[in-house]
Amino acid sequence: MRKEHPLSEIAWADLQQLSPNAKAPHLAAKDGRLFHVLLAQQFNREQLDAIGELATNIRFIAKNEGGLKFLQDLLAHKRAMLYFTQPSTRTFLSFCAACQILGVKVGEVRDTATSSEFKGESQEDSVRTFSSYFDFIIMRTEVGGLAERMAWVLSNSDRPIPIINAGSGKDQHPTQALLDIYTLQRSFEEKGGIDGKTIVFVGDLLRGRTVRSLASLLTNYRNVRQIFVGPEKLQIGRDVLDMLEAAGVKYELSEDFRKAVPLADAIYMTRVQDEWDVEKGESKRIDISKYCFGVKHLALLKPAAVIMHPFPRRGEISPEVDHDPRAVYWRQMRNGMWIRAALIAAIFRRDAAIQEYYEESV
Amino acid sequence: MRKEHPLSEIAWADLQQLSPNAKAPHLAAKDGRLFHVLLAQQFNREQLDAIGELATNIRFIAKNEGGLKFLQDLLAHKRAMLYFTQPSTRTFLSFCAACQILGVKVGEVRDTATSSEFKGESQEDSVRTFSSYFDFIIMRTEVGGLAERMAWVLSNSDRPIPIINAGSGKDQHPTQALLDIYTLQRSFEEKGGIDGKTIVFVGDLLRGRTVRSLASLLTNYRNVRQIFVGPEKLQIGRDVLDMLEAAGVKYELSEDFRKAVPLADAIYMTRVQDEWDVEKGESKRIDISKYCFGVKHLALLKPAAVIMHPFPRRGEISPEVDHDPRAVYWRQMRNGMWIRAALIAAIFRRDAAIQEYYEESV
Amino acid sequence: MRKEHPLSEIAWADLQQLSPNAKAPHLAAKDGRLFHVLLAQQFNREQLDAIGELATNIRFIAKNEGGLKFLQDLLAHKRAMLYFTQPSTRTFLSFCAACQILGVKVGEVRDTATSSEFKGESQEDSVRTFSSYFDFIIMRTEVGGLAERMAWVLSNSDRPIPIINAGSGKDQHPTQALLDIYTLQRSFEEKGGIDGKTIVFVGDLLRGRTVRSLASLLTNYRNVRQIFVGPEKLQIGRDVLDMLEAAGVKYELSEDFRKAVPLADAIYMTRVQDEWDVEKGESKRIDISKYCFGVKHLALLKPAAVIMHPFPRRGEISPEVDHDPRAVYWRQMRNGMWIRAALIAAIFRRDAAIQEYYEESV
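Chains as they are written, first to last, in the numbering used here: chain A, 4 to 365; chain B, 4 to 365; chain C, 4 to 365.
For reference, chain A alone in the conformation it holds in the complex (with noise of 0.2 Å):
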């Protein structure tokens, strides 16, 4: 009786290959175009410079009220639904922000206490539900490979509708990768790009999603030395090294910060992420003060180099830094909302009219 969605088509072997933790997630559609966005992985070179590129065009039409007005009105008919039981600011805000910007209306879930979960659903019957109303989801848990799981649902039913992983458990935040990629590439945009360049990942490396999506993705540009620098106890996991090692790229493990921001040519801070302390207080005994960013450390740094951070940040950068223009991570932030606002538009087919409109305006 079970309808065999088109979608599936794409095998639940490949998937499995690129994450442990994915039930049969399928990606693509029929078309091979994107449809969920579930993993860093999933996105080859060529995808990420045309999210890339497609950011770019977004954020260059956003510059006056017309091409405002232009980009409100692609998906102004389409609803999105932000389920976000994993609390979160800026990535809600910032996704919050990229549809309104292309004229998608948003539900939202974000606190559990006001959703009907206590009456004992399964979370398969509640996205379920969200795919009865909307035309995408947007979702955020703790719990590992949950998005992954939904979309395999939601693919073998009646209503197949796109997921967005808005950041699933430990493992998987494909949207803050994405716009880390982005950041990469504008800032080298004139400096020959990501190739060959170094980056340096510094803080909480073990337990940061960020840093492990990133340091994938980065798999797929030429020569890129990465370095990985914390406290042994917060030092990058065994498998990024494996799948380092897999893609043949060149990597260092140190606990040496001031040795090491000379060598960035983007240096990557991060904090401490004692949400996922398995004991109380684990991560208090660690002492982090030797990973922060000071003023003391701009002189360090190469010329042309960048300071990045996911945010939120505690004391790993200074603020009297934020005014050095190698400091790139507000601008990292906003680039969130062009790269989501991309994501969007790609997934159901508006890059050709945006891509239309940035050529007859420049």
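Calculated from the structure, these hints are not laboratory results.
Quick caveat, the model's predicted, so the values are computed rather than measured.
It is possible that part of the hints are untrue.
Copies of one chain are not kept apart here, so a pair can be met inside one copy or by any two copies together.
[Claimed, not checked] Straight-line Cα separation of at most 20 Å, EDC-like style, residue types lysine to aspartate or glutamate; simulated pairs: (1) LYS66 - ASP138; (2) LYS66 - ASP161; (3) LYS287 - GLU124; (4) LYS66 - ASP76; (5) LYS299 - ASP327; (6) LYS173 - GLU145; (7) LYS194 - ASP138; (8) LYS283 - ASP245; (9) LYS299 - GLU323; (10) LYS194 - ASP290; (11) LYS194 - ASP52; (12) LYS287 - ASP277; (13) LYS283 - ASP327.
Once you've looked at the hints, dock chains B and C against the given chain A.
Frame of chain A; chains B and C shown alone:
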């Protein structure tokens, strides 16, 4: 000094007959057309048919971008207040989507912790506040009769605006009853309509307001047989049976689920409403495992019958049943969005414009 | 490295004179026109008149569908962030409605539990985050001076955007003061305006920020007599009286409510602000029953006087008084929506377009 608004010409007494909870609501505008939506019983058969037809037209028009944009323009100048002090995902989101379909902008109060009510304001003042900023109010509350009372308050204020009852107390959830009727209308569209059909209600019939409201609405149809199946302690209330007897409707009570399944043209499953438990754990002592629809029941069911559920479900229907074409509960859920859009459109007199667009489109 | 934004040309010192809490806000854009809305005192009489007139024009235009659609198109390309960490229904909803009237899309953070702040982010970073995604910020907070500080932060960032203070701490709630002034303007429109009138403030004058702000704004008018009536422990603060004396304004203090009523051209009732109690139950020990307006006081009140209240009310005004035509507090509440729409329109320079449309319509 008090100005009596035209709406109050409809007598309080009439309404009290319909609902013992009603405190003088005024359901219709002076021209006799729909104003407040408070009680399932306020709709007669002719009105049920008209609302159903309007929902079908909206559903048809919404199938393409042009139609969606036509709909979005209809009430783009209206603002709705979603006032949900009782938790609900489904009803909230479907109203939200219904508003968006018609272009209505929404404001919301869902969490009383973020509201002024802690400062000791009366509910009358809260509702009059909403009426200061919005064009209609959609409200859901645990307090029986509150929506009716607020409709009365507003009808006698300087700014009478419509109220839609999205569930109040144990008794009334009129838009759920309307979407259930609409689902039956659609299901039996080519099978002679609702007249003469057998509807089997299963589960917690005592406290499920959807069953109570639907049982009442079905009295508008000829020769409908109603069968109530559930454990003795959760059997339908005496007041509903009195109402059916007064209307001359055939009904049966049963504890035997298996025996009832083959009789059904529509089988309406419900969950245990333990949020209404007077004593903690009260519901857990009742065995409802016999009142669940599993794959094994599919063979017992008439080929042309339909399975319904107001959701959320727990174990009342096995997810494997979802793939049977007779399982219409997901369609039923989506019908909720269309029927709510139809109600809003009718309240603001957009039914003729929709009808006209529909006729030009087919 | 720090870029000084043109906005900061307005001297910090000027602002500090206006408000001891102000940390160098920059209220106006380089062209001298409205930018941030932070303090009631930033508006002079000419500006109060202009904002009031703009509100009246918007109110008039909004009377029909064509006008509403004109308004909705004015700022359809703008996005507002509603950042409300202090609970408030009324102010939130009226800003929400004001945005919708002008077509502005909104994002919101109301519940700090769903936000990133628990991850230890500074408020400066939060506000800069909002500025990354939105075009202006409407903020409400328990922290005095915070809106001013954030305006300063933004004015010195790469993305200076306007901040509207929707209530900060015990002191400032400028949009409430503006709607109060607007209500007085309308009430005395055909009675010679605000000049020469007697305003009687009643209740918790010590902690009600609306009274403090309104008392200050009224110094812009000639020969206004201010009478402060309340229990000794809740009498108006010395700083307000100093301000009135410096401005040469006549004032009186009284504990006798009954005696004050007949003197009023406008009587401004307030509730006890017990959320500011230092000691628990502190307010309950004060007898305020003498400071309530009941039906019996209507006979004492001048025929042309008006009764106001900033809401929420508890028992300060009996609901029976609502039906007296001198009870303008519901109109006052709705004025809040119009004045907020006027402020937003003014900030984004749509006043001329509104004026023009208005003149063509009358």
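Inset, instruction - Provide an ascending list of the numbers of those earlier hints which the structure does not satisfy. - result: 7, 8, 10, 13
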